[in-house]
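J.: The numbering used here applies: residue 6 is where the sequence shown begins, and numbers increase by one.
Any given hint might turn out to be false.
Taking lysine to any residue and the SDA-like style, the derived pairs with C-alpha atoms no more than 25 Å apart in a straight line are [stated by the list, open to error]:
no. : residue 1 : residue 2
1   : Lys16     : Ser35
2   : Lys16     : Asp71
3   : Lys16     : Thr99
4   : Lys16     : Asp94
5   : Lys16     : Met45
6   : Lys16     : Asp32
7   : Lys16     : Asp43
8   : Lys16     : Thr76
9   : Lys16     : Gly108
10  : Lys16     : Cys30
11  : Lys16     : Thr101
12  : Lys16     : Ser44
13  : Lys16     : Leu88
14  : Lys16     : Cys33
15  : Lys16     : Glu41
16  : Lys16     : Asp82
17  : Lys16     : Arg29
18  : Lys16     : Trp39
19  : Lys16     : Asn85
20  : Lys16     : Gly60
21  : Lys16     : Gln49
22  : Lys16     : Ser31
23  : Lys16     : Leu92
24  : Lys16     : Ala87
25  : Lys16     : Glu34
26  : Lys16     : Gly36
27  : Lys16     : Asp93
28  : Lys16     : Ala46
29  : Lys16     : Leu86
30  : Lys16     : Gly110
31  : Lys16     : Ser47
32  : Lys16     : Leu69
33  : Lys16     : Pro48
34  : Lys16     : Tyr150
35  : Lys16     : Gly83
36  : Lys16     : Glu28
Worth flagging that the hints you see were computed from the coordinates, not collected in a lab.
The model shown is predicted, which means the values in this text are computed figures rather than measured ones.
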Amino acid sequence: LELEGLLKNSKVSPDESCLAAHERCSDCESGVYWIETDSMASPQEMYCDMESNGGGWTLVGVALVDYAGDTGWNDDDGMNLALSYSLDDHWHQTATIINDLLGSGESITHVACFDSNNDFERFWYGTGTYSWEAVSGATNSSDTYGGGGTGYSTVWASHHYGLVSGNNEYVTVITSHSGNHWACGGLYGAGGEGYTGRGGDSNFRMWVR
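Using the sequences plus the hints, can you model the full thing?
T.: Shown next as structure tokens:
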């Protein structure tokens, strides 16, 4: 990710989230912003999507299949945090900071699978306390921003951590599976296996607002 020239605000005057930055400047462009949530000791550079699905989305993780199974994905303390502004590297934010962002915003989570066997897109509404190492909850999930489209169950099994959308091997999206895995689709995904623990090809970016 090329950062030079992308910073959109200042370290001495950070926003508390990308949603706050969007509300401050509705025509601001997507890019890297200084963000400081309640639990941060100092501001961090984070990537904001200011254009898609109403704008104001904070990037909180990127899952890359090349690193599936490596220690760290099932860790609430975060992973590869030096890369926490990157669209293209493997990392995820701490659960504490994710929950800060959800609590100060609209409690919506968005996952966009890319370069995967199944390029699913999912939204979760009413996201509760998020965890990479335990089952998390949400009020509902759909494949369309705004709550329309096809709805999916947000509950499946106790080893499906993070958020779940869809409780079958055809349509599921799982942000954190035991064993440091995840899934964009399952065994019977239309494009092929999506669970990385069985060799499925799944990559995604995760955003909150």
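J.: Could you run down the list of hints and mark each one as holding or not?
T.: Status of the hints after comparison with the structure:
For the given pair, lysine 16 sits about 17 Å from serine 35 by alpha-carbon distance, which is consistent with the 25 Å threshold. Between lysine 16 and aspartate 71 the alpha-carbon distance is near 33 Å, which puts this suggested pair outside the 25 Å criterion. Straight-line distance between C-alpha atoms of lysine 16 and threonine 99 comes to about 20 Å, which keeps the hinted pair within the 25 Å bound. Of the supplied pair hints, the one linking lysine 16 and aspartate 94 holds, its CA atoms being roughly 23 Å apart against a limit of 25 Å.
Straight-line distance between C-alpha atoms of lysine 16 and methionine 45 comes to about 13 Å, which keeps the hinted pair within the 25 Å bound. Restraint check: the Cα-Cα separation between lysine 16 and aspartate 32 comes to about 20 Å, which is no more than 25 Å; the hinted pair holds. A threshold of 25 Å between alpha carbons decides the hint, and for lysine 16 with aspartate 43 the separation of about 15 Å falls inside it, so the pair holds. Distance check on the hinted pair: lysine 16 and threonine 76 sit about 32 Å apart at the alpha-carbon level, beyond 25 Å; violated.
Only pairs whose Cα atoms come within 25 Å are accepted, and lysine 16 paired with glycine 108 is accepted, the gap being roughly 22 Å. About 17 Å separates the Cα atoms of lysine 16 and cysteine 30, which keeps this hinted pair within 25 Å; it holds. Simply put, lysine 16 and threonine 101 have alpha-carbon atoms about 21 Å apart, close enough for the 25 Å limit, and the pair holds. Restraint check for lysine 16 and serine 44: the C-alpha separation of about 16 Å stays at or below 25 Å, so the hint holds.
The hinted pair formed by lysine 16 and leucine 88 meets the criterion: a straight-line CA distance of about 17 Å does not exceed 25 Å. With a C-alpha separation of about 17 Å, the suggested pairing of lysine 16 with cysteine 33 holds against the 25 Å cut-off. With a C-alpha separation of about 9 Å, the suggested pair lysine 16 and glutamate 41 falls inside the 25 Å cut-off, and the hint holds. At most 25 Å may separate the alpha-carbon atoms for a hinted pair to count; lysine 16 and aspartate 82 meet this at roughly 23 Å.
The straight-line distance between the Cα atoms of lysine 16 and arginine 29 is roughly 16 Å, inside the 25 Å bound, and the hint therefore holds. Restraint check for lysine 16 and tryptophan 39: satisfied, since their Cα atoms lie roughly 6 Å apart, inside the 25 Å limit. For the proposed pair lysine 16 and asparagine 85, the alpha carbon gap of about 21 Å is at most 25 Å, so the pair holds. Taking the CA atoms of lysine 16 and glycine 60, the gap is about 21 Å. The hint holds against a cut of 25 Å.
Of the pairs offered as hints, the one joining lysine 16 and glutamine 49 holds, with about 8 Å between alpha carbons and a cut-off of 25 Å not exceeded. Our distance criterion of 25 Å between C-alpha atoms is met by lysine 16 and serine 31, whose separation comes to about 20 Å. Under the criterion of a C-alpha separation no larger than 25 Å, the hint pairing lysine 16 with leucine 92 is consistent with the structure, at around 21 Å. Under the criterion of a C-alpha separation no larger than 25 Å, the hint pairing lysine 16 with alanine 87 is consistent with the structure, at around 16 Å.
Straight-line distance between C-alpha atoms of lysine 16 and glutamate 34 comes to about 18 Å, which keeps the hinted pair within the 25 Å bound. Between lysine 16 and glycine 36 the CA atoms are separated by roughly 15 Å; this keeps the pair inside 25 Å, and the hint holds. For the hint pairing lysine 16 with aspartate 93, the CA-to-CA distance comes to about 23 Å; that is within 25 Å, so the pair holds. Distance hint between lysine 16 and alanine 46 is fulfilled; the C-alpha atoms sit about 13 Å from each other, no more than 25 Å.
Restraint check for lysine 16 and leucine 86: satisfied, since their Cα atoms lie roughly 18 Å apart, inside the 25 Å limit. For a cut-off of 25 Å, the pair hint linking lysine 16 to glycine 110 stands: about 21 Å separates their Cα positions. Distance hint between lysine 16 and serine 47 is fulfilled; the C-alpha atoms sit about 9 Å from each other, no more than 25 Å. For the proposed pair lysine 16 and leucine 69, the alpha carbon gap of about 29 Å is over 25 Å, so the pair is violated.
The suggested pairing of lysine 16 with proline 48 holds, with an alpha-carbon distance near 6 Å, which does not exceed 25 Å. Pair hint lysine 16 plus tyrosine 150 does not hold up; C-alpha atoms about 31 Å apart against a cutoff of 25 Å. With a CA separation close to 22 Å, the supplied pair lysine 16 and glycine 83 stays within the 25 Å bound. For the hint linking lysine 16 to glutamate 28, the alpha-carbon distance of about 18 Å falls within 25 Å, and the restraint holds.
Hint compliance for this structure: hints 2, 8, 32 and 34 are broken, all remaining hints hold.
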